[in-house]
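Taken in sequence, the protein lines are chains A and B.
With the first letter of the first sequence counted as 1, position 467 gets the number 467 in this note's numbering; the numbers rise by one all the way through.
With the first letter of the second sequence counted as 1, position 277 gets the number 277 in this note's numbering; the numbers rise by one all the way through.
Any given hint could turn out to be false.
Quick list of in silico lysine to aspartate or glutamate cross-link-like pairs, EDC-like style, CA-CA up to 16 Å [as the list claims (entries may be wrong)]:
(1) B/499 x A/132
(2) A/234 x A/314
(3) A/509 x B/338
(4) B/342 x A/314
(5) A/509 x B/348
(6) A/499 x B/127
(7) B/337 x A/351
(8) A/342 x B/132
(9) B/342 x A/132
(10) A/342 x B/338
(11) A/342 x B/61
(12) B/509 x A/132
(13) A/499 x B/132
(14) B/509 x A/61
(15) B/337 x A/347
(16) B/337 x A/348
Covered stretches of chain A, going by a simulated chain B footprint (3 or more residues, C-beta under 8 Å) [to be verified]:
(17) 322-336
(18) 345-354
(19) 430-440
The following label-pair restraints were derived from C-beta to C-beta distances [as the list claims (entries may be wrong)]:
(20) A/507 x B/270: 53 to 61 Å
(21) B/512 x A/675: 56 to 64 Å
(22) B/512 x A/687: 58 to 66 Å
(23) B/512 x A/674: 53 to 61 Å
(24) A/654 x B/714: 36 to 44 Å
(25) B/359 x A/50: 36 to 44 Å
In short, the hints are calculated from the structure, not lab data.
Think of the CB as a built atom: it goes at the ideal place given N, C-alpha and C, for glycine as much as any other residue.
Protein chains: 2
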Amino acid sequence: MVSVSTPISSASVFSFGNPFQTEAFVNSPLTWAWRPGQLPCGFLVQETGSQGYRVSIALEEQEGVVGLGQHVGPVNCRGQSFRLFNTDSPTHIPSLRSMYGSHPFMIILRDKPLGIFIDSPGEVLVDVGALDPHTLDIRIATAGFYLTVIEGESVQDIVSKHLALTGTPYIPPRWAFGYHQSRWSYPDEGSVREVAAKMQQHDIPCDVIHMDIHYMQDYKVFTVNKERFPDLPKLSTELKEQGIRLISILDPGVKAEPGFSVYDEGMKRDFFCRRSDGAGAFVGAVWPGPSVFPDFFRQDVRAWWGALYKPLKEQGIAGFWNDMNEPSIFYTPDAFKDFAQKVRHFDERNDFGEELANTLWNKGVINKEEYYNEFTHTINGQQVVNREVHNLFGTQMTRAVADALIADDPTKRYFLLSRSSYPGMHRYAAIWTGDNHSWWEHLSLNIQMLISLNLSGFLFCGADTGGFSGDCTAEMLVRWTQLSAFTPFFRNHAAMWAKNQEPWAFDDKTLVHCRAAIKMRYALLPYLYSEFIKSALHCEPFIKGLFLEFKEAAKRLDDDQFLCGRWLLVAPVVKAATHGRLVYLPNGPWLKVIGTEKGLTGEQVQQGGDHFVAATLEEVPLFLRAGALIPMATPGLHTSAEPQHHYRLIGFTDSTAQCEILLDDGETRYDSWKSYPKLLCSVTLQDGSWSCSATFESAQPRPISLEFELWNLAGKRESLSFRYPIG
Amino acid sequence: MVSVSTPISSASVFSFGNPFQTEAFVNSPLTWAWRPGQLPCGFLVQETGSQGYRVSIALEEQEGVVGLGQHVGPVNCRGQSFRLFNTDSPTHIPSLRSMYGSHPFMIILRDKPLGIFIDSPGEVLVDVGALDPHTLDIRIATAGFYLTVIEGESVQDIVSKHLALTGTPYIPPRWAFGYHQSRWSYPDEGSVREVAAKMQQHDIPCDVIHMDIHYMQDYKVFTVNKERFPDLPKLSTELKEQGIRLISILDPGVKAEPGFSVYDEGMKRDFFCRRSDGAGAFVGAVWPGPSVFPDFFRQDVRAWWGALYKPLKEQGIAGFWNDMNEPSIFYTPDAFKDFAQKVRHFDERNDFGEELANTLWNKGVINKEEYYNEFTHTINGQQVVNREVHNLFGTQMTRAVADALIADDPTKRYFLLSRSSYPGMHRYAAIWTGDNHSWWEHLSLNIQMLISLNLSGFLFCGADTGGFSGDCTAEMLVRWTQLSAFTPFFRNHAAMWAKNQEPWAFDDKTLVHCRAAIKMRYALLPYLYSEFIKSALHCEPFIKGLFLEFKEAAKRLDDDQFLCGRWLLVAPVVKAATHGRLVYLPNGPWLKVIGTEKGLTGEQVQQGGDHFVAATLEEVPLFLRAGALIPMATPGLHTSAEPQHHYRLIGFTDSTAQCEILLDDGETRYDSWKSYPKLLCSVTLQDGSWSCSATFESAQPRPISLEFELWNLAGKRESLSFRYPIG
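With the hints as extra help, turn the sequences into a complete structure.
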């Protein structure tokens, strides 16, 4: 046993067996080598069988458990059971146990909360009192792992300590905070131009259009179909002039087609994952049909892959979207041939017994997990079967791109989105919640998942607004757009088989309400963008469950409303044909505000408690916390069109409230909050009268006018304005 | 055009083309033969193509649409789209469009609500403003249909008129209102006895245990496995002595096995559905493997099938459960052979293109709809393909049994449960909501579906308590048991692959709370049973959306709470780890009551509005409506163990409240509410003092004692007692 000091007080990292170096930690932490009986906080660790561990800890009756990042279900995981093994699961039903990302970090809520991070890239089963109501039971299927135990004063404290170990969350450029429009797929440049034109025509702010898999030639990664997109550089340039950027999707599966340069070169250089039986490159079928998969665990493969992005960037693609990187495998030719053999047997023997029914019910060969045993990665000169390191595959792919983009220009931020993820990847890229459905239940899930993902450090995230699979309805699109207007990643995206769900796809009323929500988003950008970056740099969640800020809320764990940043409580309507909803306000006065396309306007002061809040189709229940000062701008049609000389601010305090408006160029990297150029605004209520001030920090002073709407805690409203330079 | 009078004022039945006689109507109604342009209320009817019709009607902005019986989603169908085509759909996701039953009856909510009933046994597509927000669009795929248009003063009025045309809802014997315990499957008589013993040991009331498919020999319908159930008569007799009855499952698929008497006899008499190509009996694979399906559309086949039930009844089976009667068809040997051929082709050509992926993704051959084109029924001497009359198959099967059981003893009620249904079947049998999941979302769905089913006249219904598929948790079981305690059919049932979920399957706390809920149900039986039968005989829903009784609620259509009978508002907790919920109380004072294993006790008066109501794990928010007088008994361990000489009553009024307690034997059939023997209890508050009375009606007077807990509308509580004979 080695005596250690970790950089984080009260966070201890224990090593079991021979852990894989996932690089979830920003620096290899000093660790305690585990010896039985030497763990804090009542942890029990056992070795199970030849390879594997069980970690268990007793749960008291009233203890909630939060965390675990991307998962289906309530934020409070108590009573639920999960299998962390990255999976392309296209139907997010409540009993789904595995999703695209695995985030084995959780927090037990007690007087002194306890954080637990299991760092292992293989399968991790987490049973949070489903099997035995009084035990948190974790099974690790690898030959070693790191166990981090974090003690803290609060949930926030635990999260900060975890992120101090695993790194500061990813910050995209400012334009990524705009509205994104997507669909599987806008098939050609005409349809892309049409979307851009309709945005303008309907006066809807938009910054990004996404290009899904049909822009490629035969689904060949890094290719562009020349018939449908004859001049991508021209398209991207013209759109850029209109303030709209293009993001393109990229999949890890490389079409196994001799003559396709990526395939040929990868084969020549032995860059693809190998079959476990040693017989060459592993082939699995995805969109392009039989495909090979780069071995992203190798540095040379990552460097190669990263460089392949460059031509697309040079054609004007502004950001990349890594899909299918669990990796999803529809079937393997081998498995299909086995299945065909089986089918032939039943057929020839006319055997229609129970076994045949079982064979057919089990979807034959689709998405079988066995495939992850059938290929290996080369790691430190050894062949390691994918299953052992499975949850890192998508992260390694994404890292390949991130490394390349950073090397390209280390001073600038980049946009990178990934479907699959693992802790550590939160430093490199954004994620979205995957292939959800146009179900009202998935609006609720959207909130739950974003709260949980933020606890894991995945701050820049969002769900497919309107739902991916299935047909969105007019009302659902309005409600979902209202919700997503407050989430960092704000993209409307739909599946091939779904009805159109752009803001104009329904009737006028729907268009009007969606536009209002999107404009409200743009009006709130000074708050959202500044607050997001501050949250990221301070290692705090941005989409927060109320339990993060209010002690009394930790006993309840409501997960159908959230704090957007520290000051704005958002309680979206997530049910059809309803006229309002229940809103829980923790102790203290709150200012109910109305959101319109101009931003927020105060309405009245409301005390803490459980309130029914009416909400017609154009309304979202919104509340400001005491102490808030929310800066807003006049919404432009693009983030870059925002006028930067005039802000409206709404404040709510009996003493002093302040806020910081970032005045950066939206793309330069800064290491610390302090280095960002910003405008510090402050209001004070003293002896019944308001005063205000504004100071430039790390920024060149420039002419600016501020207009304040100020409320005291008793609900009295006043106005104030400020101009620099004075007079 | 024929001038007509239907028995129901303001209900008009129009006939289009050559409608099939579904017998949904109790008497063939007089109808108007349709001629274009001669429809009321703005209906537009068009013939579409060679066979089919389109009915459309404009919807105003604010009009809700309720009804459509068994469907997934909110009670307000506006914005949704359905396909009425009976389907074995084992995953009730929000976008599911077809379920086990089809109920093409709907009500447009306007000042004068409008009822619409489409009587056609083939596919009916109902788009309630999903495609075009302002149109209710109905597509009928058969060569004719009846359109009933019902005008009325209220939703209740429409429902009554519809049921006056289609018949009085089914009323089961009293024991069916007890608690049912089930599982797929209690495999042998030992496990059945053990369940009964545990019920007694844990002091949990129970009336019924269900026997799922494994009691049969090789899934052969009407057989009993002699190894696992060596002496069924002895088992049923012994359980009956303990107050517990057995119900057995029966499927329509008859194992195609020469030597199996049901198969042999049916084949000999040509009783099975024929292949559409004329080549003999149609074979589809279900649980027993390749099976044939009785042609229940034939009277002689129904008589034969009905008689086959008799031996089971003679062995002591108290009721029957018709499953799989959409009918579900896993695959056909033909389809499998075609699939095998296709697979062989891909295999031999090493063709791994998109077509193969599509073939595999589409589940190969499972539950294909084409199968319903491949067999015919003999109807009036003609071969009619199943698709044309598909939605009636389950109803005809159930009718076969109902006819036999009624013929057996016309004076007695019987218990009969069916999965598939169509209007008209509500006269014969109960239904349950099918294979739900252990998802919190399905507690909400449970409420929604029961409200909708009751509008269609399916009054005796319920959902699998605890959820069928997936693992129930301790908390979910408590909450679900609390909900089901108020639904007519109260059965805990789970799938083969689910964890045990009997009340004792979790911890002590769960057992205690489940027992309390079940005992509360038994304590409330005098109210529930009497009120149910009154509702049925008066053609009123029993599980009611609030919009049925309160005008102001019709604007909201809340569907997460319900009225159980006319007097008791139930707002179950349907979320995990919560501490209460929002309850909407329409205008007027309500008495909040606490439910315990002794029944209801008043707590306090609450005014109308949207209230947050706290509810710890043992609590269900419950409210009595002004005018209520709820009779309760001391709960026994079985419905038959209820003491009938003492009742406790809780009343809430400023004037007079009354109730009727049925004193029948629980199994005799009566035609009218008036004929039932009962005790009429009445309380009156006048000049600040309470008086009470009790009168026997159509019943032999007997000694009886009544204990009243009485609340005035201001919340003042008094007690009163009554004894007969006096002194």
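Against the structure, the hints come out as follows:
no. : hint                      : in the structure
1   : B/499 x A/132             : holds (12 Å)
2   : A/234 x A/314             : holds (11 Å)
3   : A/509 x B/338             : violated (50 Å)
4   : B/342 x A/314             : violated (45 Å)
5   : A/509 x B/348             : violated (56 Å)
6   : A/499 x B/127             : holds (15 Å)
7   : B/337 x A/351             : holds (11 Å)
8   : A/342 x B/132             : violated (48 Å)
9   : B/342 x A/132             : violated (48 Å)
10  : A/342 x B/338             : holds (15 Å)
11  : A/342 x B/61              : violated (56 Å)
12  : B/509 x A/132             : holds (13 Å)
13  : A/499 x B/132             : holds (13 Å)
14  : B/509 x A/61              : holds (11 Å)
15  : B/337 x A/347             : holds (6 Å)
16  : B/337 x A/348             : holds (9 Å)
17  : 322-336                   : holds (count 4)
18  : 345-354                   : holds (count 6)
19  : 430-440                   : holds (count 4)
20  : A/507 x B/270: 53 to 61 Å : holds (56 Å)
21  : B/512 x A/675: 56 to 64 Å : holds (60 Å)
22  : B/512 x A/687: 58 to 66 Å : holds (59 Å)
23  : B/512 x A/674: 53 to 61 Å : holds (57 Å)
24  : A/654 x B/714: 36 to 44 Å : holds (40 Å)
25  : B/359 x A/50: 36 to 44 Å  : holds (40 Å)
The structure is inconsistent with the numbered hints 3, 4, 5, 8, 9, 11, although it conforms to all the rest.
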